[in-house]
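Chains as they are written, first to last, in the working numbering: chain U, 1 to 279; chain Z, 1001 to 1258.
Check before you lean on any hint, since a few could be wrong.
As the list claims (entries may be wrong) - Here are the simulated lysine-lysine pairs, DSBU-like style, with alpha carbons at most 35 angstroms apart: (1) U:K146 to U:K12; (2) Z:K1047 to U:K146; (3) U:K12 to U:K53; (4) U:K12 to Z:K1047.
Keep in mind the hints are simulated off the structure, nothing from the lab.
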Amino acid sequence: MTTFLTAGLGLKPQHFDAALDCGSAGLWFEVHPENYMVAGGPRLAWLEAIRGKHPISLHGVALSLAADTEPDAAHLRRLAELARRVEPALVSEHLAWSTWRGAYHPDLLPFPRSTEALARIADNIARTQDALQRRIAIENPSHYLKLNGHDWSETDFLRELARRSGCGLLLDVNNVHVSAHNMVYSAADYIDAFPGDAVMEIHLAGHSQDPNLGAALLVDSHDAPVAPAVWALYERLVRRIGARPTLIERDDNLPAFDLLLAERDRAAAVLQESLAEVA
Amino acid sequence: MIAPGALSRFQDDFAHALIAVDEAPLPAMAALVRQPAFAVYRNTVAKACIDALQANYPAVNRLVGDEWMRAAAAVYARNTLPGLPMLLGYGADFADFLAHFEPAAELPYLPGVARLDRCWTEAHVAATEDRLSPASIAQLAEGNFYRMRLQPHAAARWVWCAEAPVWTIWSRNRTDAEDEIDIDWRAEGALLTRPRDTVIWRALDQAGCAFLDSCAAGGTIAEATQAALDVDRNTDLSRLITTLLDAGAFSSIRSEEQ
Chain U
1 MTTFLTAGLG LKPQHFDAAL DCGSAGLWFE VHPENYMVAG GPRLAWLEAI RGKHPISLHG
61 VALSLAADTE PDAAHLRRLA ELARRVEPAL VSEHLAWSTW RGAYHPDLLP FPRSTEALAR
121 IADNIARTQD ALQRRIAIEN PSHYLKLNGH DWSETDFLRE LARRSGCGLL LDVNNVHVSA
181 HNMVYSAADY IDAFPGDAVM EIHLAGHSQD PNLGAALLVD SHDAPVAPAV WALYERLVRR
241 IGARPTLIER DDNLPAFDLL LAERDRAAAV LQESLAEVA
Chain Z
1001 MIAPGALSRF QDDFAHALIA VDEAPLPAMA ALVRQPAFAV YRNTVAKACI DALQANYPAV
1061 NRLVGDEWMR AAAAVYARNT LPGLPMLLGY GADFADFLAH FEPAAELPYL PGVARLDRCW
1121 TEAHVAATED RLSPASIAQL AEGNFYRMRL QPHAAARWVW CAEAPVWTIW SRNRTDAEDE
1181 IDIDWRAEGA LLTRPRDTVI WRALDQAGCA FLDSCAAGGT IAEATQAALD VDRNTDLSRL
1241 ITTLLDAGAF SSIRSEEQ
């Protein structure tokens, strides 16, 4: 069965009951699979209860696809087992690394976009897709550091990854806004250059100013509503590439479920408008 | 043109720079570490580890307060990054760390409390399986009973602490309850089980812990009974086994041949 996803919400444990009761048409939820890689018990039972009512997307943070080594076989098995259990509508990961030589660094770490890195990551994505027997989407990261050694622009790098591995892309519009501000380039140009055909999912989230550096550095903190500038970029993107499954991410400073649902409805309205124009 | 292997070298150097806060950066990393934004990565990694330990050890946190807990967690995290990305399992040896952590020397009950927090997490995520009901034991012929073996439930965890009343301290601090009654300073043990979806807990004496240790090691009920009597020859075995069955401490019973 193919489900067409419209706008969804990141699922937090505090909102489980409200999420379970919510009958909003087309609503779907996204979770980090690492939080559900357990042998049994209430966590899996919660997720399966939600899955009984809504489509689920698995958005991994720990496959470490940009590490200069193959993805951890045990972690891939855990992900495949969870995917078998919840039959997700989407599976995604990040263009970043986190696990390196047996230590997990709980962050999405940067790397130089070299041709060497491109070959390694394309191979890692292919291995992941083979293990899961499905296409995955790769997300553009937020940038804070000026790195040397880039052979590729990020949009070209992602386009080439999709071409070589057959993967899809997850375009995080807030990450584009944050990175463009921090690295001083045009967010609109980035959005316009992004390979639209490959986009399987869009993320929207809030950001904040770094507590020490202030407005000089924006942080992808997921602790605030989606900013007006990010909504504008999102509308620009959807006008160009059409409707794609769109997720509101919120991880900190959690508001009531209804407030998140209102943001989700705003994204759904943008998608609806785009579909109406096509029809 | 970057030489092959450059990505590995970059990741070695970057991972080191994340942790080596007090060292001068390696030459290859100096230009990155000098940027104020490098702190975003250092802070994110440290905060995620500290947040995870604070969430995984709530009774310890309630006893020592947020500031002390986060400072201790920061020291732990600097030496022990997570080995796996499932942060619910992070800090498996935090109790041992606390036992040797100089600022915790005045709090001899803290490692035991940490052990019980860890037991709670292990019980919470353990495999789902049915518990052995008290009724299924009642049907067994007494002659065979002592030659059979009780299999501890996947979610059952028990701890005996000779140093401190950790059961009382832990159970009072696992919830928000205010309890002013004085604590009787004595050795204590605890049993945590998950008969359905929720982890429950109760006090367990040393004989009960010895009984479960023997069952977990594959001993027959006769051997487990002997282990309990060796600890306390006045143990009421019928009452002990009923208590354990009621708590959901076992998943099955099997005869010696099986």
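The hints, checked one at a time:
1. Taken as a hint, the K146 of chain U and K12 of chain U pair is honoured in the structure, with Cα atoms around 33 angstroms apart against an allowance of 35 angstroms.
2. As the CA atoms of K1047 of chain Z and K146 of chain U are separated by approximately 23 angstroms, the hinted pair is consistent with the 35 angstroms bound.
3. Using a Cα cut-off of 35 angstroms, the hinted pair K12 of chain U and K53 of chain U holds, with the two alpha carbons roughly 16 angstroms apart.
4. The straight-line distance between the Cα atoms of K12 of chain U and K1047 of chain Z is roughly 19 angstroms, inside the 35 angstroms bound, and the hint therefore holds.
Going down the numbered hints, you'll see the structure goes against none, and every one checks out.
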